[in-house]
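Those protein sequence lines, which keep their order, are chains V and B. For the first sequence, this note's numbering begins at 1 and goes up steadily by one. For the second sequence, this note's numbering begins at 1 and goes up steadily by one.
Any given hint could turn out to be false.
What the hints assert, rightly or not - Partial selection, computed: residues in chain V whose CB lies under 10 Å from chain B:
id	residue
1	M1
2	L5
3	L11
4	F18
5	V30
6	S42
7	S48
8	D58
9	A60
10	G70
11	F74
12	Y77
Note that these hints are calculated values from the structure, not bench results. Built from N, CA and C at the ideal position, the CB exists for glycine as well.
Spelled out, the chains give:
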Amino acid sequence: MYEILTIALLLAMFLAMFRFLKGPTLSDRVIAFDVIGIMAVSLLVILSLYFQRSIYLDVALVLGAIGFLGTAVFGRYIEKGI
Amino acid sequence: MTFLGSLFIIAGIGSFLISAIGLLRMPDLYSRIHAGAKSPTLATLLVLLGAIFIEPVWTPKLLLLAFFVLATNPLSSSVIARASHKADLPYLNTSGVDALKAYDEERSKEEK
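Build the full structure now, drawing on both the sequences and the hints.
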């Protein structure tokens, strides 16, 4: 079952990646990247269930925190420049 | 319990797929931000809830992760939307009204 769920989640990441490549403005790309990061957190949770290892949850936690910081810095850049 | 957890995880993945389709199909920037803000949060929370049902021993870590997602994800979307509005990025203004811009201009006038 987890294999099918992983494939479906990778399909969703692929669709978001299409918007990331195409997006007319910088904000489109940033929001698509943010969504891909959130999907990666869920993917790590599903993989930790599949491999029965809770250590992957720590990776998901760090990924969530760092992804948020990147998005916040990009918001500041869009608003005021460097 | 495993069945219930699987059901929650399947609902979460479906919500992710809907969010990705919305990200592709929505017509302008702010509706795309809307598609990228709400449903991924719901989907992540559903996946974490399903994981709690499947592996009850991991509950503290998963709850911490849920708190992080719930705190940071709407905040980052809000930051991006506010910055794009300040930077005057183009969008479909079908109503012809921009209340936030009028408010910002009034406030900057008051500060002067």
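**Prompt:** So which of those numbered hints doesn't the model satisfy?
**Reply:** Violated hints: none at all, because every hint is consistent with the structure.
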